[in-house]
Amino acid sequence: MNKNKEQLLNKRYKAEQRFRLYGLSAIFMALLFLTIFIFKIFSTGYSAFQKTWLIVPVTFDAELMMLDQNPSKEDLQDADYYDIALKSMADLDPNANEDQENELKRMVSYFFEKEIKNELLNDPNLIGKTKEVYLTASDDLDQVFKGNYPRDLTEDQRRVSDYQLKIFDQLVANGKVESKFNISFFTNADSREAELAGIASSFMGSIFSILVCLMIAFPVAVLAAIYLEEFAPKNRFTDFIEVNINNLAAVPSIVFGLLGLGVLLAIFQLPRSTPLVGGITLSLMTLPTIIIAARASLKAVPPSIREAALAMGASRMQTTMHHTVPLSMPGTLSGTIIGLAQALGETAPLILIGMVAFVNTIPGSPMDPAASLPVQIYIWAESAERGFVEKVSACIMVLLGFLIIMNLFAQIIRHKFEKKWS
Amino acid sequence: MIKIKAKDVDVFYGKKQALFNISLDIEENQVTALIGPSGCGKSTFLRCLNRMNDVIDICSVKGEILINDFNINDKSCDVVRLREKIGMVFQKPNPFPKTLYENVSYGPTIHGMAQSKQEMDEIVENSLKKAALWEEVKDRLHEPGTGLSGGQQQRLCIARAISVRPEVILMDEPCSALDPIATAQIEELIDELKKEHTIIIVTHSMAQAARVSQNTGFFHLGQLIEHGSTDKIFKNPDNKKTQDYITGRFG
Chain D
1 MNKNKEQLLN
11 KRYKAEQRFR
21 LYGLSAIFMA
31 LLFLTIFIFK
41 IFSTGYSAFQ
51 KTWLIVPVTF
61 DAELMMLDQN
71 PSKEDLQDAD
81 YYDIALKSMA
91 DLDPNANEDQ
101 ENELKRMVSY
111 FFEKEIKNEL
121 LNDPNLIGKT
131 KEVYLTASDD
141 LDQVFKGNYP
151 RDLTEDQRRV
161 SDYQLKIFDQ
171 LVANGKVESK
181 FNISFFTNAD
191 SREAELAGIA
201 SSFMGSIFSI
211 LVCLMIAFPV
221 AVLAAIYLEE
231 FAPKNRFTDF
241 IEVNINNLAA
251 VPSIVFGLLG
261 LGVLLAIFQL
271 PRSTPLVGGI
281 TLSLMTLPTI
291 IIAARASLKA
301 VPPSIREAAL
311 AMGASRMQTT
321 MHHTVPLSMP
331 GTLSGTIIGL
341 AQALGETAPL
351 ILIGMVAFVN
361 TIPGSPMDPA
371 ASLPVQIYIW
381 AESAERGFVE
391 KVSACIMVLL
401 GFLIIMNLFA
411 QIIRHKFEKK
421 WS
Chain V
423 MIKIKAKDVD
433 VFYGKKQALF
443 NISLDIEENQ
453 VTALIGPSGC
463 GKSTFLRCLN
473 RMNDVIDICS
483 VKGEILINDF
493 NINDKSCDVV
503 RLREKIGMVF
513 QKPNPFPKTL
523 YENVSYGPTI
533 HGMAQSKQEM
543 DEIVENSLKK
553 AALWEEVKDR
563 LHEPGTGLSG
573 GQQQRLCIAR
583 AISVRPEVIL
593 MDEPCSALDP
603 IATAQIEELI
613 DELKKEHTII
623 IVTHSMAQAA
633 RVSQNTGFFH
643 LGQLIEHGST
653 DKIFKNPDNK
663 KTQDYITGRF
673 G
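One line per chain: the protein sequences are D and V, in this order. In terms of the working numbering, the first sequence is residues 1 to 422. In terms of the working numbering, the second sequence is residues 423 to 673.
It should be emphasised that the hints constitute simulated quantities derived from the structure, not laboratory data. Beta carbons: idealized from backbone N, C-alpha and C, even for Gly.
Some chain V residues near chain D, calculated using beta-carbon distances under 7 Å:
{"hint": "1", "residue": "VAL502"}
{"hint": "2", "residue": "ARG505"}
{"hint": "3", "residue": "ILE532"}
Model the full structure from these sequences, guided by the hints.
Given below as structure tokens:
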């Protein structure tokens, strides 16, 4: 009898130990995946935050720029910089033939003419003088400098010619190649050229979309939740609505994209590719998430608080607004932020409403065409050029950073509200 | 003088009847205790008196309850005004998660009873004094009410209830979550409060009923078995069931 009991006890302990082991290994697996994922993204993406510059001496020859003596500001604006830009690149190798000069030109971004122009606009006294100017290296050389470029391929399999590599190596040896923090990644809009492409447009697009989404989804969802939870009679009709809201939360996001396409664009003729339409579409998606979170946190408010207020002679409205809703706010807000975070990462519906278009301007309002961060990732991941590989990872890092900040914000709000009354 | 007159009150939860034909008169400025075993309907009856049963969807109340000769089950009765006149203290202390001051000033604020900050301060101070809590909390009026001890919280709830100067105070087992010392304080307080208010208290403790009340009603299975002066109920009840319950043979 006694022995039997001991065996049972041992069995119980063993079962518990096994269970702990399963739990620990599950957590370990999850952490492992997470670490691999983050390591992969960081190791590919970190180099996108660096940009390679070629330091090239430029002679600001007034004659080549077709400038008169004592040029005005407008003259400088309208001057022809192409020839001096070409010449300064060609001068890198005095013995270059015509083909090679062309190759030399392609060692920098097509933006180089503007970079030289800006240099002169900043300092008009440079006319007639020579100055070393920082020019953005082409994306392929950028990759070469970062060590991401397979130099051992034969020349016809590479986009960088042997000649370009030779000149580039000379420049490196002379210290005329420099790597600096890539500001343009944050200030430029998208571009077909990897070395110039940035996330400004998609970042602003995402922010505008989220704001539109928040402004529509939050009030509507909170009002719906309050009505359903505090005022609506409990009958078949409200049950039906509740079931539908729950179902709505499970609808694939692309369906909402079709809705946006069919209703917002086709019927209401709202402007295509804009954060306004994107935000409205995302708000449809976020709505059920917020309603469910808000209802859950309203339900979690102890009934005794409602009774206390009602017994004091507060009306239903006063009870709700003075007591129930403020107490449910932390939960509602964190639900809202979770919903917004979901919306932030959503790609499919935005592709359908046209936010996948190539946008090389930075939107100033929700009515301007824009991309969004996840769609930007998608667009870049599709691009063939080697330079976009690191951009994809870098963009993911920005998106993740954005999400972390949002979640942090949710935590802070929640903490602040709850601390007061704990 | 009769303050509340209940006539043939029936209460249903859905199809289930919880109270049968309750008729009970409640005297002004006295303490009436409602006793009986769990589930006998005494709390349900108490909640009829300020129409708190309205909150429960499936609950329906039939019959007349006259307070100052006005039937509160009448359609013309406004529950907000009714509950201003009839305060309630619950079983579990349920202060609002706000400051002590806000807890007490809430009722006067929503009923517009104070014209100035000064007047409100007075109401808060008086209510807390009447609830015998002022001395303990006067230095921390702006701290959360939920930070008090259980007994203090319950007295805060009493202060909150009397802040709107109700004519009647309903107490639903106000001491069941409290220790003996806190219970004694509340009982003392009830004795004090009956000078200005009519009090109806539901209690599980017969000793408490005997200590604080002048009248007692005994409920059993949804029926009012017997009511009368506390002395009579406890010493010389008419009904055998009452006697059995009082002497602890069931319940």
